[in-house]
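Protein chains in written order, with the working numbering: chain H, 22 to 543; chain D, 469 to 567; chain V, 9 to 677; chain C, 23 to 228; chain F, 5 to 521.
Do not rely on the hints blindly, as some may be mistaken.
Said to hold, decoys possible - To be clear about the criterion: a stretch of chain V counts as covered by chain H if any three or more of its residues have a C-beta under 8 angstroms from a C-beta of chain H, and this derived list gives those stretches:
| hint | stretch |
| --- | --- |
| 1 | 639 to 650 |
| 2 | 653 to 665 |
| 3 | 669 to 677 |
Unchecked claim - Stretch-level coverage of chain D by chain H, calculated; a stretch enters the list once three of its residues show a Cβ under 8 angstroms from a Cβ in chain H:
| hint | stretch |
| --- | --- |
| 4 | 475 to 489 |
| 5 | 502 to 514 |
| 6 | 521 to 534 |
| 7 | 543 to 550 |
| 8 | 556 to 567 |
Said to hold, decoys possible - Label-pair restraints from in silico Cβ distances:
| hint | chain 1 | residue 1 | chain 2 | residue 2 | range |
| --- | --- | --- | --- | --- | --- |
| 9 | V | Gly641 | H | Ala32 | 50 to 60 angstroms |
| 10 | V | Leu612 | F | Val22 | 47 to 57 angstroms |
| 11 | H | Ile523 | F | Val23 | 47 to 57 angstroms |
| 12 | C | Pro152 | H | Ile523 | 57 to 67 angstroms |
| 13 | V | Ala68 | F | Ala455 | 44 to 54 angstroms |
| 14 | H | Glu464 | F | Val23 | 42 to 52 angstroms |
| 15 | F | Asn440 | V | Ala589 | 41 to 51 angstroms |
| 16 | F | Gln191 | H | Glu464 | 26 to 36 angstroms |
| 17 | V | Arg34 | H | Glu464 | 23 to 33 angstroms |
| 18 | F | Asn155 | V | Arg34 | 39 to 49 angstroms |
| 19 | F | Thr52 | H | Pro300 | 50 to 60 angstroms |
FYI, nobody ran anything at the bench for these hints, they're computed from the structure.
Only a predicted model underlies this, so the values are computations on that prediction, with no experimental measurement involved.
Where a beta carbon is used, it is the ideal one built from N, C-alpha and C, also for glycine.
So you can see what is in the structure, the chains are spelled out below.
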Amino acid sequence: MSFTAPQVDYAGLSPVITLTAGICVVLLAGLVSERRQRLVVSLLSLVTLAAAAGLCIWQWGERKDLVAGALRLDELGLAAALIAILAAAIVVPLSWREQAAERPGEEPRHGEFQALLLSSVLGMVLLAQAQNLVSFFVAIELLSVPLYVLCGSALERRESLESGLKYLIVGSLGSATLLYGLAFIYGGSGSTDFPGIRDGIGAGLADDPLVLIGIGLAATGLAFKISIAPFHQWTPDVYQGAPTPVTAFMAVATKVAAFCVFVRFFEVALGPAVDNWQPALAVLAAVSIAVGNIGALGQDSLKRLLGYSGIAQAGYMLVGLVAASELGVNALVFYLAAYALMNLTAFAVIVVRERETEFGDDIRAVQGLGADRPELAWPLTISMLALAGLPATAGFMGKLYLIEAAVDADYTWLAVAIAIGTMISLAYYLRVVAAVWMRAAAEPLGPEPAAGMPAMAGGSPEANPPGDPPGATLSAPPGTRCLAILIPAAALAAATIFFGVIPSPLVDWASNAGQALAAFIP
Amino acid sequence: MDVTWYLVLSALLFSIGAGGVLIRRSPLVILLCLELMLNAGNLALVAFARDRGDQDGQIFALIVMVVAACEVVVGLGLIVAMFRRRLPLNVDEMRNLRG
Amino acid sequence: MSATTYAWLVLGLPLAGCLVNALGWRSLPGRAAGWIGTGAIALAFLNSIAALVALLDKPASGRELTSSLWTYASAAGLDIKLGILVDPLSVFMILVVTGVSMLIHLYSISYLESDRGYARYFSYLNFFVFSMLLLVLAGNFVLLIVGWAFVGFASYALISFWYRRNTATKAGMKAFVINVIGDVGLVLAAFFIFRELGTFEYLPMFQSAPQQFSTNEGVVVAICLLILVGAFAKSAQLPLHTWLPDAMEGPTPVSALIHAATMVTAGVYLIARMHPLFLQAPTAADISAFLGLATLIFAATVALAVTDLKRIIAYSTISQIGYMVVGVSIGAYAAGLFHLMSHAFFKALLFMAAGSVIAAMAGTQNIDRMSGFRRALPFTSTLLIVGALSLAAFPGTAGFFSKDEILAFAAERGGFYWILAIGGYVGAFLTAIYAFRIVFRVVYREPCPEARKLEQGHLAHAEPQNPMTGEKEDTDVGFPGPEHQIAERARPMAIAMAVLGLGAIFGGYLQVPGVDHVLDTFLAPTFEDSPLHSGIHVSTGTAWAGLAAGAALSLLGIATSYYLYVVAPQTTERLRERAHAVYAFLIHKWYFDEVYDTLVYRPLIAIGRFADAVLERVVVQGIVAGAVGAVRGVGVVVRGAQSGFVRAYALLVVGGFAALGLYFLIVSS
Amino acid sequence: MVQVAFFAGAIGAIAGAVGVVALRNPFYSVLALVVHLVALAGLFLLLYAQFVAAAQVVVYAGAVMVLYVFVAAYVGAVEEPIWEPIPGQRLLAPLLAAALFVELSIAILGTGLSALDSEGPTVPLGFGSPAAIGTLLLERFLVVFEAASMLLLVAAVGAVVLAGRRVPSAGARGEAPGQAIGPAAPSAPEPGGSGVADEHAAGGVP
Amino acid sequence: MIQVILWLPLAAGLLCFVVPRRAVAISAILGSGLVLGLAIALVASFHTAEAGLQHTVSESWIPDLGVRYQLGVDGISLFLILLTALLWAGVTVFSSFRMPDRRRIYFFMLGLGETATLGAFLAQDLLLFVLFFDLMLMPFWFLIGAFGGENRIAATTKMIVYTLVGSLLMLVAAIATAILASDQVGQLSFSIADLRAHTLSTGSQQWIFLFFAAAFLIKMPAVVVHGWLPDAYRAAPLPVLALLAGVLSKVGAYGFLRVALPLYPQATVQYQELILLIGVASILYGSVMAFTQTNVRLIAGYSSIAQLGFITIGIFSLRPDGADGSVLQMVNHGLVVAPIFLIIALLWERSGSEDLARLGGLAMRAPVLAALFLIVTLATLAMPGSANFIGEFYILIGVFQAKIVYALVAVVGVALAAFYAIRLFQRTMHGRLAENADSREIALRDAAVLAPLVACIIALALYPGLILSRGQAAVQDKVAAVVSNSKPVAPNAPSVRAESGWTSYAPLGASPTRGDR
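So here's chain H without its partners, still in its complex pose:
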């Protein structure tokens, strides 16, 4: 059997290669360097991410198949990759004093932590570009497996382990379902390549039960990844339990990559069956909007609140997919970018407050922030208002875009659902803003934290040797040490406003992504 080496386009693959190399280097650096590990490793990670991002931008505008059609290089994938890289880059500083990375009594694990983070990014980049069922599946696993680990990596906290295991179990269930669906689609269409599947289904199989059940299974698996109701239930629990930087990353990047492949898979490969899956997804979107928004009401844990909010936001974004039009894809990509900006900002603030107060991610942690820490209060406010979709923020523009796509696709009722969902969502987003600006700072819990209180209140292990009461570090001077978080948070918030007022650059960017699929979408 003769072996012919496949044509490898190294330029097109360069982001992937960079990330892979970066992972190895970071891992090694983590092993080698002991002192100043945090600095070295973070620097390497950031360089890797920056290089990958730069290469993505360099490749912007290219549209071609890579390595025998396993991957597709186009703006949609690159856009998702860029967002994922951005999220990772923000999360790196967020993780600096995370217990998952710095365990008391042990050597720091920044190397492993960030290597896992980077491998998840690698998975996302691959996923966003995947154009083959096999690469699709392996990429989604490459994305998920590091996240399972990261979620459970704060071993001291029972919640972290719980969230890791829950994520693993439900996630594997989702993977298995997805796999089974992919198998059926492969069986039905006889191909593993997306264009091949498109041709196979296009040849009169759009109504075949085998293919359709496959679609249903695949949709279930993907919906699980982007936390669409009723496959959403892991989301709040895992978001709350996981270390906050991981949550931030998971909330943003996973969704981006999964949505990207969702779009590519459903609109390219399953395009011919659009009339069949469209209504089902529309209903899922509506259910998600309702469940997410209603579930978020009255949540005291900010991470949990954002988890539910993420479910609702996923519902909104699914509308862009349901529209099954270029406009819809544009809207979706735009919203993904906006969503990344808004959520990362919020999580950055939560991380800072987690370190500063003993309330963890409870809403009390941000009470009175407006008076005490305006530099934190403003980003959080902007992000909440943007998530709520108030005008002059990127969130509003995103919703506008989505509603336009929905109406254009004759899914006006879905547009109304978005509107109603937004209304409900105001109640909890504004509750956070109200806590920030309109309430006085919460009273500290007292010198001894209540028994059973998760030990996540303290600062870094250096400042907080075991045995000291956690309260001792509460008064650690805020500011300088959080600068690495504050500056990105401020920048993200500014971007949120900027793209709310002058959305055109982002709109153009998103519409490039939409045009990449133009050939496949009506």
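Since the structure of chain H is provided, determine the placement of chains D, V, C and F on it from the hints.
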């Protein structure tokens, strides 16, 4: 044997696996049930590959094995970590996060 | 200068006085505010005379002049100008208004001397005169409504002038609200007029009315009835009269000016002004006339029973306006206006005299407590008697001629209008009785302690108190003034009363049947389009017959009164006991207030409470609560499902897929 | 012959699967899974997937299952309680599993793909052989192959992160108090041990 | 120029973060004062006779979505802009004497609110309008929530959620309008002028109109959907409330004129009676509630409901006179209701209460305050002679000629207004001095805010034609859009007219029999 037989068998295995996930409480056994589901997928893939005379499905199945192994490793790692923390190895008792 | 220029000046001077007093309230010394106010009105009066002279210079056919300052509002087909109409009717009215007002201002200079709200008082009073003049001079319906509302407001402001008195503020509110009801009537009338005639200007309106409307057409009757709502509200005619007796809470000169002499006669003016419309709607005119008749008898009966001096006069006013309404409604325009004038004289006089008496009583208004001021207040007593004589239509007084002219016209018109004449005479009889009830109670009999003291030169003094409730006044703000002024001691009061007394006696000679008809002639250009005015002439014989009957009834009434209150004062007691029901009926003013309270006020409040308790809480907030509850309910389900059991989550995933798969299977078939 | 082999394999697979789900002791469940996997490998052979079958036996039943056995032995055989805390789960779970099976079967049986009702096309020699698979992996599925290797690396790192413990080198924080008192033998955790000590518990990589 | 007017307040608000603490108020006052000056200049340079837009700005903004940055002024928005600038300047000055704790953010939010409100009045692109309409809520939510009274957070959240119910539906409706219109034109555009050229089919107009109507009615608020009002009014700081009632409520009514009438003419005609019914219900309900309340804020609040009911029915008389009156009345109501709330603030400072039962007698040593209050009260109850009267007069005459029944019922509201307004004045200023109350004359600085407002009321009373004459061309244009569009396009237009016949009289001269006489 018709390929359909294999497929129905795979569906049955898949359902058994899914049912196992739903009723078993030991995380270890749940992982086993997930293996069952993945293997059911593998059977379907290989059967379809046979049906199509196309080896992509077999490649897919191989990759799935890798994936399954990875999930198992991570899952077992979590189980060990929980065991060390003396957390009960019963998913029903992991209920700190809810609401 | 033309008549219109004078008219503008007539309008402008009181306004200027009002503004000067309002803005300079802090810096005006002593009585300056009073003199400024009075001076402004005096100048206005002079200008009115000048306007009269200027108008008389013109030929009879050219005595309707219009003038406008600027376009008030003009858009979308409506064109409302700030314009006035100067014609004999309006000139007559401005003469009466400015003349009487001038005297009452003069009276007030002294009467309110010690009041802390002195400048405010004159500011209000000038504003009232301005409003009243605006009302009568207005050249279109909208401006009329503006003037109409302004006088209503001025009336409100002056009734609740002593705003520390709860009774006063309540009375003010009542007056205001009823007046606004009247305004609403006029506004609606204006809408109909605009829709039918396309204009608000008087002259085009009156010219096109006969062409546009057929007699008794529904629309025109509706217009006239709506106008009557306005007129009756302002003129305190049945059934909108209840505010006037309460309005006596205001200072006495205010009662004299607004609630006797001028404002309340605005309704009469309005009916006269709108006569071209009423001519097209005889039904409405008849309704008006009979309501007037009902009012005049009703009010006269109540005046027999009430004991508050000012309220007796107030009911008398209601009753007398009834005569005027009857007059202008049946076509006796000149007669009605004639009575308006003479009534202004004698009623203002009566109030002034009453004010003097009340001052002597240190604020007490109950006539049961007064007696024998004959010697203590000789001047006041004399003029009180003069006023009462004129009110009772004693032969030769102004009231004698003017009242009988109306009744004679009614008799002449014949048909069922005879009823009006007979009713009017019955009323005249009652009028004579209650008029002299005042006289005999206040002037004759043994002097009361206050009178006796006064004879010795000591003016009674008491802490100011609310005459209605007996509540002590909040003297912190000083009003009503702690010192009292009586005509005997205050020259301005005396002069004003004297002039009015002359008018009350001799005013009647303007118009004596068979002798002269000055008013008739003067007003003719305004009313010449009315067939009633030109068609019905009361013959001198009929007129004198009527006068004779009136004189007889008047004398009989005075005699009866003399018997009841002087000869056998205990008769009234006995009557009161024997006919208790009748007495109660009268003393409760025929239960009008109670009926309104039950029929209008309480239901409204109840509706409000109901709205607050049921609609607001249940429906409006219910919508909110319902939505929130629904969301919460779903929230309970959603969060309940989030049980923390990972297997339950898996179950939902599988279940979700099962549902999805079912859908896809269904689609596939 | 083929039928017999199929049914034998199928029965083995089903029995293994049922065993996994039904056996109360996790250790037995693991063994049942091994049976299942071997049976499946047989079925793969019937489907001309030699390499896959081999991998199944060697990698899966061999390596992965050993891991399972180790862990099962490590954590001990804890029997699950019978009491079902989630209302409805006991009823719904089998019901939904059955529904799943029915739906999938309908899809499989109802499909319009006529090829499924045959044994499949005649395949060329070498179909599913290591050579063929290897060629494919390095040609069409090169990226997948590389990604899978990354995945394995990640899993290894993850396992270390979760289950491993690295002692800091001397000087860094060597004298951290928790480390010294941590129990050395985690395989026999003392019941009721304090949580604080537990956090620093040492243990080897399974 | 309108660009500057629009963005200056926001810039001044941002400046508040930069300048030293002491200069915060000054910068805010300067900003709002400048805007006021520019607004006056805008009025001065307005060409009265033109129906179209003036001072237009049209820039590409989000071309992919068909959204343009289009601004313009016409006779309808002209005086609303002036009103906004005036009230904002007044409130800024008024607030600067009562400096709140966090002044920077307070004045920033005020500035943001002004920009948003002006934006809503200036926007000529449907989406831009919606954007500003929604944006307006944010600063007010904030101002109430951060600076308000008891129970403020719940109240303000209720307000914003409730109001956004309508606004978001409106967003959907606006987008639907553009998308459906683009099916006809082939090009997506949100420009109101473009959309007007291609009206939608009757069916789509109906639901879109209802969505818009919901937004506008909630914003005003009209009865049944005013549930947010009592709580929000109770909790809001009074200067903010002055703006809320004075300006924000007008945006709803303005929206009807700007958007609903021109874009959805057939639906407007179809739902005319429905909206009239709501308007009349608002009038009656608002009035009745106003005279049963004892909280002075709520009296003013419910009276606003009633007044906005008048404005609504004026617009939906679908006649130029009624709509003209509404435009005038919008300004009038803003001018009177804002001083009322400022006066309530003064009353509160004097007596520490906002309950009628615990107020009274405050006129004693405060004649100037009493006089100002009296003038405002009289204007509120639309005393003939005030501009409010002319406004109501026009409104009612319009309704009267369109649907007489509604006018007759609405007139009841006029009488009720007299009752509650006078009651408010009397119970606070007259009567015995309440316990703990301190009758104090108005301070010069407060007078400096109130007196100009009252002067505006008086000036308008003398010459309401100022507004009427400038508004009428634009209003005529909007109403004509309904009248001309509703007839030929709507297949069922004749039947609509026939159905409504029982309430409407034929206009003068329409019936041939009249000429015969």
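We went through each hint and held it up to the structure:
1. 639 to 650: holds (count 8)
2. 653 to 665: Since three or more residues must qualify, the claim that chain H covers the stretch 653 to 665 of chain V holds, with 10 doing so at under 8 angstroms.
3. 669 to 677: Three-residue rule met by the stretch 669 to 677 of chain V, so holds; n is 7.
4. 475 to 489: holds (count 5)
5. 502 to 514: Coverage by chain H holds for the stretch 502 to 514 of chain D (7 residues, Cβ < 8 angstroms).
6. 521 to 534: holds (count 8)
7. 543 to 550: With 6 residues closer than 8 angstroms to chain H, the stretch 543 to 550 of chain D meets the three-residue bar; holds.
8. 556 to 567: With 6 residues closer than 8 angstroms to chain H, the stretch 556 to 567 of chain D meets the three-residue bar; holds.
9. V:Gly641 x H:Ala32: 50 to 60 angstroms: holds (57 angstroms)
10. V:Leu612 x F:Val22: 47 to 57 angstroms: 55 angstroms Cβ-Cβ, so the 47 to 57 angstroms window holds.
11. H:Ile523 x F:Val23: 47 to 57 angstroms: violated (26 angstroms)
12. C:Pro152 x H:Ile523: 57 to 67 angstroms: For H:Ile523 against C:Pro152, whose Cβ atoms are near 58 angstroms apart, the range 57 to 67 angstroms holds.
13. V:Ala68 x F:Ala455: 44 to 54 angstroms: holds (50 angstroms)
14. H:Glu464 x F:Val23: 42 to 52 angstroms: At roughly 34 angstroms between Cβ atoms, F:Val23 and H:Glu464 fall outside 42 to 52 angstroms, so the hint is violated.
15. F:Asn440 x V:Ala589: 41 to 51 angstroms: holds (49 angstroms)
16. F:Gln191 x H:Glu464: 26 to 36 angstroms: Violated: the Cβ-Cβ distance is about 59 angstroms, outside 26 to 36 angstroms.
17. V:Arg34 x H:Glu464: 23 to 33 angstroms: violated (55 angstroms)
18. F:Asn155 x V:Arg34: 39 to 49 angstroms: For V:Arg34 against F:Asn155, whose Cβ atoms are near 43 angstroms apart, the range 39 to 49 angstroms holds.
19. F:Thr52 x H:Pro300: 50 to 60 angstroms: Given a distance of about 56 angstroms, which is inside 50 to 60 angstroms, the answer is holds.
This entry does not satisfy hints 11, 14, 16 and 17, going by the numbered hints stated previously.
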